[in-house]
Amino acid sequence: MTIKGKAYIAGAYEHPTRLAPDKTVAQLHAEVALGALADAGLTRADIDGYFCAGDAPGPGPASMADYMNLKLRHVDSTELGGTSYIALAAHAAEAIALGKCEVALITLAGRPRSEGMATGTTPRSRDPNQPEAAWEFPYGLTTANGYAMCAMRHRHQYGTTSEQLAWVKVAASHHAQHNPSAMLPEVVTVADVVNSPVIADPLHRLDCCVISDGGGALVVVRPEIAKELNRKLKRPLVKLIGTGETVKHLSGGTFDLTTSGAARSGPAAFAEAGIKPSDIKYVSIYDSFTITVVMQIEDLGFCAKGAGGKFVSDGNLISGVGKLPFNTDGGGLCNNHPANRGGMTKVIEAVRQLRGEAHPAVQVKNCDLALAQGTGMQLGTRHCSATLIMERE
Amino acid sequence: MATARKIPAPVVTAETQAFWDAARENRFVVPVCAACGRAHWYPRAICPFCDSGKVEWREGSGKGTIYTFSVMRRAKEPYAIAYVTLAEGPAMMANIVDSNFDALRIGQPVTVVFEPTEDGPPVPMFRPV
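Protein chains in written order, with this note's numbering: chain Y, 1 to 393; chain S, 1001 to 1129.
Because the hints were derived from the structure by calculation, they are not lab data. This structure is a prediction, so every number in the text was calculated from the model and none was measured. Treat the hints loosely; a few may be bogus.
[Unchecked claim] When the alpha-carbon atoms are kept at most 20 Å apart in a straight line, the in silico SDA-like pairs for lysine to any residue are as follows:
1) S:1054 to Y:251
2) Y:239 to Y:268
3) Y:6 to Y:228
4) S:1006 to Y:123
5) S:1006 to Y:128
6) S:1076 to Y:117
7) S:1054 to Y:131
8) S:1063 to Y:255
9) S:1076 to Y:124
10) S:1006 to Y:121
11) Y:71 to Y:27
Isolated chain Y, as found in the complex (with noise of 0.2 Å):
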């Protein structure tokens, strides 16, 4: 069984709000809905599967089908994190494969920035019945404490240093200048980066994604749909040909703190898309810091593990400068990040890409192959990973 040229991506947009303290964050998820709907040439009444995750209001799909009044016969309410969208991507072909729904509507949104929350640096208290929090929680683990121990140790392990993860940001300022939308669209240069205030050691403020409002949707539906949608709308088709996803943790007390899920759901993707690194045109990769791309580029097999900090290097991200462009928006290093969740806008973008819908500054020629990547939760405990190969078609 596999979902390769099961499903297509038929519809996709994001919210152009970075702040939103007018909105209700359901009021946010219809409007992504709607506007993907469009974007497909779909209406409401067409779909029957919904997908959503822990942004969604309320617990599981309920408030929100009722909300945007859905008629379904197929929910998943798989909750990844921050990669939740792509999993529930896959999720959606594998329910399509399997005859469950043939229009499939996956939801994102949220407004961290109009709540004020200091997202990266303020330890978050936890369901008491979650068996590690007595061991993490008394100590002050923040987001971005955690990933910074990652970089430490990668750098111990590796020789990664602050001016090769700054290449990170650059790569995507690069891209940001390019989109109206973008939180932060100036270019920024490796010394800006290196010689922002240190947050956690050995991560600087340029080296963290925004905090914003906002979201996205996607519609995924089966081929003869898509086949279909596109007698009017002409434009290539987006396939999704390989999946993989994974929880990677701390095994007991006995983790390598230098890699990530990424390790195992990448292979899964590529094997079942049945392609390798070298084919892919284009990345989407989660950014919630400088560290998390780099890691994961390795994971994935685009660069030897420990080597990441050199690929990355000297504009190797950039569209028409490097090899391996990523985040063409802006990515959540410097477009948006909304609710605190990459996943759906690193989707989003690379529909964009084979579409040849991308700013044209960024838009990487003949790209016939995208991925997708995302880490949700902590890389420097638990995380879940999850990967999607599209094709062109």
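Once you've looked at the hints, dock chain S against the given chain Y.
What follows is chain S alone, placed relative to chain Y:
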């Protein structure tokens, strides 16, 4: 100086009561599986390596080395978070206290100390040897 940060109390559960009782006596105990002989972290009633329910609390050496760390500079009172690889095998999260943060390095030997929490048992942390 120990730590200026107020340490929230750990959640004590049926699985970990014995650890925190020992901590109140300033004893650092480590969960070791009687079936496979391996120590694990964080502590749990079922061995994550061999699935046995015969996990025992044994006196730990309290010795370890820093696997990785980060100093949270953004905090009001900067503090060092780390993973320490215990002499018994597994690595555990903790804070490094009583140290010059700028001199911390990976591989550095450390020893356990218990630090008071706001309204619970003390939690294990480490200081350089």
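Of all the hints numbered above, which does this structure not satisfy? Sort the numbers upward.
none
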